[in-house]
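Trainee: Spelled out, the chains give:
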Amino acid sequence: MAIDIDIAHVARLARLGLTDEELEGYKSQLADILEHAARVQSLEGDPHPGSAHPLGFDNAFRDDERRPSLDREEVLSQAPEAMDGFFVAPPALETE
Amino acid sequence: MTARWEAVIGIEVHVELATDSKMFCGCAVEFGSEPNTNVCPVCLGLPGALPVPNRKAIEWIMAIGLALNCQVSHKSVFHRKNYFYADLPKNYQISQYDIPVCHDGYLDLPNDGESVRVGIERAHMEEDTGKSTHVGDGGRIHAAKSTLLDFNRSGVPLVEIVSKPDIRTATQARAYAQELRAIVLELGVSDARLEEGSMRFDANVSIRPEGSDVLGTKVEIKNMNSFRSLERAIDYEIQRQIEATGSDSDVIQETRHWDEEAGVTHSMRTKEGSSDYRYFIEPDLVPMIMDETWVATIRNKLPELPAQRRERYLGQGLDESSAGVLSDSPAMLRSLYDETVSLGADTRATANWLTGEVTAWLRKTGTEPADLRLEPVHLQELITIVDEGVVSSSAAKEVLEGILSGEGSARVVAERRDLIQISDSSALAEVIGHVLEEHPDAVASYQEGEQKVVGFLVGQVMRATQGKADPKLANEMLREALGGS
Numbered sequence: 001m002a003i004d005i006d007i008a009h010v011a012r013l014a015r016l017g018l019t020d021e022e023l024e025g026y027k028s029q030l031a032d033i034l035e036h037a038a039r040v041q042s043l044e045g046d047p048h049p050g051s052a053h054p055l056g057f058d059n060a061f062r063d064d065e066r067r068p069s070l071d072r073e074e075v076l077s078q079a080p081e082a083m084d085g086f087f088v089a090p091p092a093l094e095t096e
Numbered sequence: 001m002t003a004r005w006e007a008v009i010g011i012e013v014h015v016e017l018a019t020d021s022k023m024f025c026g027c028a029v030e031f032g033s034e035p036n037t038n039v040c041p042v043c044l045g046l047p048g049a050l051p052v053p054n055r056k057a058i059e060w061i062m063a064i065g066l067a068l069n070c071q072v073s074h075k076s077v078f079h080r081k082n083y084f085y086a087d088l089p090k091n092y093q094i095s096q097y098d099i100p101v102c103h104d105g106y107l108d109l110p111n112d113g114e115s116v117r118v119g120i121e122r123a124h125m126e127e128d129t130g131k132s133t134h135v136g137d138g139g140r141i142h143a144a145k146s147t148l149l150d151f152n153r154s155g156v157p158l159v160e161i162v163s164k165p166d167i168r169t170a171t172q173a174r175a176y177a178q179e180l181r182a183i184v185l186e187l188g189v190s191d192a193r194l195e196e197g198s199m200r201f202d203a204n205v206s207i208r209p210e211g212s213d214v215l216g217t218k219v220e221i222k223n224m225n226s227f228r229s230l231e232r233a234i235d236y237e238i239q240r241q242i243e244a245t246g247s248d249s250d251v252i253q254e255t256r257h258w259d260e261e262a263g264v265t266h267s268m269r270t271k272e273g274s275s276d277y278r279y280f281i282e283p284d285l286v287p288m289i290m291d292e293t294w295v296a297t298i299r300n301k302l303p304e305l306p307a308q309r310r311e312r313y314l315g316q317g318l319d320e321s322s323a324g325v326l327s328d329s330p331a332m333l334r335s336l337y338d339e340t341v342s343l344g345a346d347t348r349a350t351a352n353w354l355t356g357e358v359t360a361w362l363r364k365t366g367t368e369p370a371d372l373r374l375e376p377v378h379l380q381e382l383i384t385i386v387d388e389g390v391v392s393s394s395a396a397k398e399v400l401e402g403i404l405s406g407e408g409s410a411r412v413v414a415e416r417r418d419l420i421q422i423s424d425s426s427a428l429a430e431v432i433g434h435v436l437e438e439h440p441d442a443v444a445s446y447q448e449g450e451q452k453v454v455g456f457l458v459g460q461v462m463r464a465t466q467g468k469a470d471p472k473l474a475n476e477m478l479r480e481a482l483g484g485s
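Top line first, the protein sequences correspond to chains P and H.
Counting in my numbering, the first sequence runs without a single skipped number right up to 96 at its last residue.
Counting in my numbering, the second sequence runs without a single skipped number right up to 485 at its last residue.
Treat the hints loosely; a few may be bogus.
Derived BS3-like pairs: lysine-lysine, alpha-carbon spacing no greater than 27 Å straight-line [to be verified]:
| # | chain 1 | residue 1 | chain 2 | residue 2 |
| --- | --- | --- | --- | --- |
| 1 | H | Lys81 | P | Lys27 |
| 2 | H | Lys364 | H | Lys452 |
| 3 | H | Lys90 | H | Lys56 |
| 4 | H | Lys56 | H | Lys75 |
| 5 | H | Lys90 | P | Lys27 |
Hints listed in this document are in silico derivations from the structure and should not be mistaken for laboratory results.
Looking at chain H on its own, in the form it has when it is part of the complex (with noise of 0.2 Å):
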């Protein structure tokens, strides 16, 4: 087969919101809990049972659509998906069909250069199902004896938000996941944890001659549990279906489990038909009407999302990596980040140090970002003292330990502790005339044309001084006084 492929992929994202209250019953959000502790009639399905829906699940739904550029339907309504499976004890979940909350937007992908437009075909509003857990031989989903149900997720709002086929790439799937996390974070509206899974991903993945407009034989894949193997996953499936294409076991359309261990998809069930979970009306909810004024109010609520953060950054001089990376840190330190700036720092220096010494510190002392004690002035006169030669960088690393360890201001600690640099040339002068005097070799093989000795030097005049010469300058009057050049 010469043939080239592209794959066409497209991601289904569901999210969890962070309620205090589930989303059809006052029953609480939580993870972790004790088994079948958070459960009441609504949530297990009990006859009679009613569902009222939790208005702040409905506002976080329009913040998410409204971050992801969707239009918000002026009317929705709830639909019953019915299918049989013991971790849905109504025999149906209750979800939306025709008329999500959210349809028809987008999502620009940070991209070095290029960049990739992923429409959003919808996001709807959802119930969690339960958790099962299947036991028996080996754990393995086959084998299991029996199957044990905790109700404790049962009805958790959970957002479905649909990408269309725009995504080409693994590379760029994982990118929209990411920068979608990134968004619900920003938004306050879940944890977005994926080892907890309160965000999961689904692929829609085929595979057509590059430059063709037809579609492929579509697989869905699921139980990806990280951004790494919803590459991994997807990067194999286009691998595998491009080897399968033309050969005795042709692609059909299926649903595959991703096995991470093995890194391989396996093939779960055929997919059933959309028109098996015969969707209607939920006759026990009422229509949901999202006003101009509701959807205004919401929209003047959004904060500023990273797409226009990293933005903002690039405006103030930083490259598309820092800007990226600051934007991925916690809210504590891009606020210093403003603060300090505000206060005159040079940007690209501002954002250096909270994304590599400070953040290294917090890692290294185990701190939790919102307990740093940071002054945005003593951050400032830090970066004015390097920047005027007052210390070296390396001895400012130090400076920053003192400071963050609340030992006071950049100028003082670098004092106290005895950091500031030589920049005195008399002084100086005389630590190199010893310098010179005791390495005649070096002097001579220098007038011999080895320059390169001169950094051997420098490092003589270092020693000689603890480390507090400034290097440039020793060098400088190192020259000078080996006789030009």
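Bound-form chain P, shown alone (with noise of 0.2 Å):
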């Protein structure tokens, strides 16, 4: 079956700056994901009912306590550019 894929605002989404060629290329492969998935749903009968968690649990929850956090020069090393106690990025709006 078809499957209609704008591969080029998947790959904006997930801000990959891919060529021509490359786009051609995943959205063949995701088209093949897809049909699978497809052919998975359309089976016959239901022998594991829609779950939110494969694990078969839930409420795990933890008390409202404190822990201690990380040191802060140690996680501004890890970080391209850090200034006054702050991780510094590139300016947050683009001018489209």
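Using the hints, put the two chains back together into the complex; each one sits in its own frame.
Mentor: Okay, here's the thing in structure tokens:
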């Protein structure tokens, strides 16, 4: 079955800069995956009722208790750029 | 354009919960800490870190939902909301999608006479993002050279409350937001400080011809950080849409940013469709089951809510305005009201003293309500001696000051400070005799029919007694002495 994919849109959502050639390649690979999923979905009968989670349990909570945080210098040393205790990132708004 | 328009408004409110620790990790929830000091692998989104939900946050969102007359879902799950932004280190926010913790409630707005019920679509649990500061030319977001990031706020429990589009005016929107704030404060689940961003509003605004039931093009407005700016922004946006409709610049679906200083909304970017967030079930978290026992436990712990309290005050004879003011007063003053009234004091007088003079005294002296030293029995006695005419109402304010400064009971203070009214007619008669002798002109005017000179003469009696005469009695006795009427 034919599945229509806007592969450029998918790439944009994932912030991937792909060439036209790569887009074509991924489009056909993604189509194969989706077609497989569609075949599974169309199976007769339902041996596994839909579930939110494969593990058979729920309500895994923790108490509202504080635990030590990380050392800031160590945290910031992992970042490409830091300043005055802050992470530094490129300007946030794209000016499209 | 002669058509009449009505606005259709829905409000989204974000409330940060004041838990000790974050939603999915043990880092402290604290406003104003040094940047990036309350962070760990979970809230920094480091690979392999696994979230574990905070039970108290779940109980608190249930309490919020119940206070808003919502259904609590029997089963609820977390979803990932995927988007890229520098303040979101995992590139997804753990949020909820189709099965929120709470749904389908309502909130009745306090409104003189006509009551307004605003439906609540849902209240869902999510995590807050980090905080970004744009630096560069003039602090303007478009001209920013770089973004500074502080992840202390990342992962703070955040409840989003979405109203149905039942609001019609900016005034109602404000009343809705204020009532919601009063509720979360009463529940004690958030400090709900607008200026610190622990309570934030977005409004969805559209217009349609009055009486129509189609929905117009919806515009989302953001960045209102006070009740006043919420009201102003909505008023502005309604007017902008009315003017834009039918013109070349028709209303488009978009997000607009409220500019407080200029008093206008600016376009931000076209709104991404919700499918672009590619919600899917958060595989790192298991479902939550809120069974009846758990819900009942939370429900039984709900405090008296502002609306119930106002209703109770109205039943005790307060008018709408004092019921509202007292209901919004600090807990200390409200319990003083309850205790004083239970001693038999008049409800209206008690409310007036507490929301008037006592509140003014707290403000003047910079005293925290919790540090107020006022025995209910002293307030009751003060009300009694004013009622009996032992002290005048102006002297009573001084008596109150004495009580609040720890000088003793109302009667003791009144005596010590020499504030007892002269309501003994023989003592007053002497004073009145002197006053009449000293002002023959006034007496003559009165006899010629100038009734209002009595006021002047009462003033003279008050002066002669240093304000201690009972003015009502003085007035009566003066008229009698002047010869009837």
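Trainee: Now, for every hint given, state plainly whether the structure supports it.
Mentor: Here is how each hint holds up against the structure:
| no. | hint | result |
| --- | --- | --- |
| 1 | H:Lys81 - P:Lys27 | 24 Å, holds |
| 2 | H:Lys364 - H:Lys452 | 37 Å, violated |
| 3 | H:Lys90 - H:Lys56 | 24 Å, holds |
| 4 | H:Lys56 - H:Lys75 | 17 Å, holds |
| 5 | H:Lys90 - P:Lys27 | 26 Å, holds |
In terms of the numbered hints stated before, the structure departs from hint 2 and from no other.
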